[in-house]
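As a plain string of letters, each chain reads:
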Amino acid sequence: MKLNKKNILLFLSVLGPGIITANVDNDAGGIATYSVAGATFGYSILWTLIPITIALIVVQEMCARMGVVSGKTLADMIRENFGVKTTAYLMLFLLLADLGNTVAEFAGWASAMEIFGVSKYISVPIGAFLVWWLVVKGSYKIVEKIFLFACTIYLTYIVSAVLAHPPWGEIVLATVTPSFEFKPSYLMMLVGIVGTTIAPWMQFYIQSAVVEKGVAVENYNACRLDVIVGCILTDVVAFFIIVACGATLFQQGIHINDAKDAAVSLAPLAGKYASALFAIGLANASLFAASILPLATAYCVCEAMGWESGVDHDFKSAPQFMWLYTGLIVLGALIIMIPNAPLIAIMLISQVANGALLPFVLIFMLILINKKELMGEYVNSKFFNLIAWLTVVVMIVLTLVLVVQTIIS
Amino acid sequence: MTPHQLYLSSVLKRPLTNAAGQLLGRVCDLAITPGEEFPIVSQVLFRRDGQTYAIAWDKVVLFNPRVISVSSSSADIASHQESEGEIHVRRDILDKQIVDVNGAKIVRVNDLKLGRHNNALCLMSVDVGFRGLLRRMGYEKLWGMFQKEIPEREISWEFVGHLEANAARLTLTMAREQLGEMHPADLAHIISRVPRQNIRTVLNSLDDETAGEAIHELEPELRSRIISELDSERASDILEEMSPDEAADVIGDLTAEKAEELLGLMDAEDAEEIQELLEHEEDSAGGMMNNSFVSIPADITVDQALQRVREQAAEVDTIYYAYVLDADEQPLGVVSLKELLVHDGALPVVEVMTENLKSVPIDADPKDILEIIAKYNLIAVPVLDEDNKMVGIVTVDDILEIFLPLGLKHKRHPSY
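Quick note, the sequences are listed as chains V and Y, same order.
Take the position in the first sequence, starting the count at 1, then add 29; the result is the number in our numbering.
Take the position in the second sequence, starting the count at 1, then add 46; the result is the number in our numbering.
Mixed in with the good hints, there may be bad ones.
Claimed, not checked - Using 30 Å as the maximum straight-line C-alpha spacing, the simulated DSSO-like pairs for lysine-lysine come out as follows:
#1 K401/V - K59/Y
#2 K384/Y - K166/V
#3 K421/Y - K435/Y
#4 K400/V - K301/V
#5 K384/Y - K401/V
#6 K411/V - K242/V
#7 K59/Y - K345/V
#8 K114/V - K301/V
#9 K304/Y - K242/V
#10 K114/V - K59/Y
#11 K421/Y - K384/Y
These aren't lab readings, by the way, just hints derived from the structure by calculation.
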């Protein structure tokens, strides 16, 4: 693509889906997972980021491509090609995984507020209500812009990582040198990292976003660029979170039990304000994702099952949609309010659930995207198929091993 | 034997046997042909060992959820060669989206009801309800134990509008007609929910005028996308049928090249009218006004005025007010349709008209326009240019749209 005014304007006009998805990707579950990864394994886990980024780009690009070429959402395509039974079961599992994710978002919100000394019994109901009210009553576009702007907080991780003066040579080496441990905790971490970066709900989300935006097939290259940039952005942030935690927590042997511990990673930048800074970032990420995730899930399930959907409806005109949406938020909030709920552990497990569901969604996607009657000349290249199938196989193996290990122990 | 009524889900994947009881395969689909009233099942398709075979409907002996048998030997089963444009029920209709013409919305087909009609097996209705969903998944009985009344919804075939290009031929005339009679706002709602590829199918079943009205009701982004993707001839035809201010709205959202192309294809007079409107700022009286209105001279009677209104009514949208203009096109007064109907036909119009009419300048702010319309309870307010000539009217619905609170504007999806 030539770098001229027309193309730049074109890029800006299709900008959105990729960048937004990228920022939502770094939600509470993401921050928690990357932080724990860095704190527990230090720089040695950095190598996973490159293969994961490649896999993420491949997966997201496939969904964006399907959305642009077919003009249909992923849920629609699965329904129309695999029938209602398969779709219903898939939606059920997606719902469960997304409930887990929603719980994680509220966990993040509760943790962040706890740093400010606000009890979760106060912060969570307020947060849940805020999220519900913002989406149902507010102007979504404004809300989105506010959250997006607040995402610039992630820059603090980059600065913090630099200020910690970590051994960059060692880091670069670790990023390109794979190392593997067969411990259940390591496997769980791997599945969690993949799950939080390539979360199934994001595939549905980006395809819906692209369809909604109405990107024309001729403008696909600009759209693809947006997706790639978004994916790289996500993992750059993940990289710096891991480095920042590796340089601080890992070196000092601190294990993350709650958010206050994770905040230490920002100490090089903010000193005694590290906690506050971390809390703001986590709160923003949690609330942002909490307002998008239940909504996207409700839309997805309702569209697949053929139920009426839309936030301008009420419980009479779109009962399934409103119940799903409200239910996810209420249930998510309630679970967090259970006394002594282990917030960080919850955030981690929800991402592992993502990782376990991922292979199934990927298999469906791969079947769909290789169908000529659906994609025309835009079917997958051999390279894409290779990477995608490899990801599927690796994830299935990892998940199986994890399950087996968990059962044994 | 053709059963009285059965559901597609109850026959799919069922074994197909011949008269001797040999298993020939499993039913995988039904081929149908468009019929006068309902589509007719012409062939039964079944699979065996990975291959698809077809057998004509007249060879079918028994066809019900328990037994499906045909009267031919394995010798005359031919491997299925699909002909051009053949429609298969499971592939092209089941699980796809259709337009519920009666309810003016898009729904998804969960199941299909087949029935006997004129000695043939026909598609009678689509099941879009929860019961159909449960039936497909095999949970109908189970659910029935917990909930006595399972919500069900079936749409008779006359009210089904098909979206897939392949199945579009199945849409009955009645459905097409009903679609064309729908209110533009409802049509626009449907169009906004139809997958992009299928929008053309819907537009093809509408005449230019209806299409234009529906397109105007859409959100600007979707609207300009659809117009840009239509073939230019049709797009310009549709724009010609729209009232000038609506066409100006639509053209205003297009790229300069596309706008020029479409204006070039249009009737010169219509194009000129639109271009006049495009010259003004979007958010001013000039940008919102409709430059076609009813104008009458001052020296006529009430009867003659009514006659003029009748003559101009075909081309003008808002005929409730007739504006009395002098030779220089400057307004002398206004007379409403009610006044014309109520008063004696022989009276001169000047005695009936309201002088001192309220108007707005061509660069007026939307707020000022709203104030005048609200204060004087008007349906439309005339717009005057710098020479005090009347150039158009701003109608109350256009002003309302600008001031509609954000919460009331139709929100389909959160905008990504």
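Each hint, compared with the structure:
no.	hint	in the structure
1	K401/V - K59/Y	holds, 25 Å
2	K384/Y - K166/V	violated, 42 Å
3	K421/Y - K435/Y	holds, 23 Å
4	K400/V - K301/V	violated, 56 Å
5	K384/Y - K401/V	violated, 63 Å
6	K411/V - K242/V	holds, 29 Å
7	K59/Y - K345/V	violated, 37 Å
8	K114/V - K301/V	violated, 55 Å
9	K304/Y - K242/V	holds, 20 Å
10	K114/V - K59/Y	holds, 14 Å
11	K421/Y - K384/Y	holds, 20 Å
Violation of the numbered hints given earlier is confined to hints 2, 4, 5, 7 and 8; the remaining hints are satisfied by the structure.
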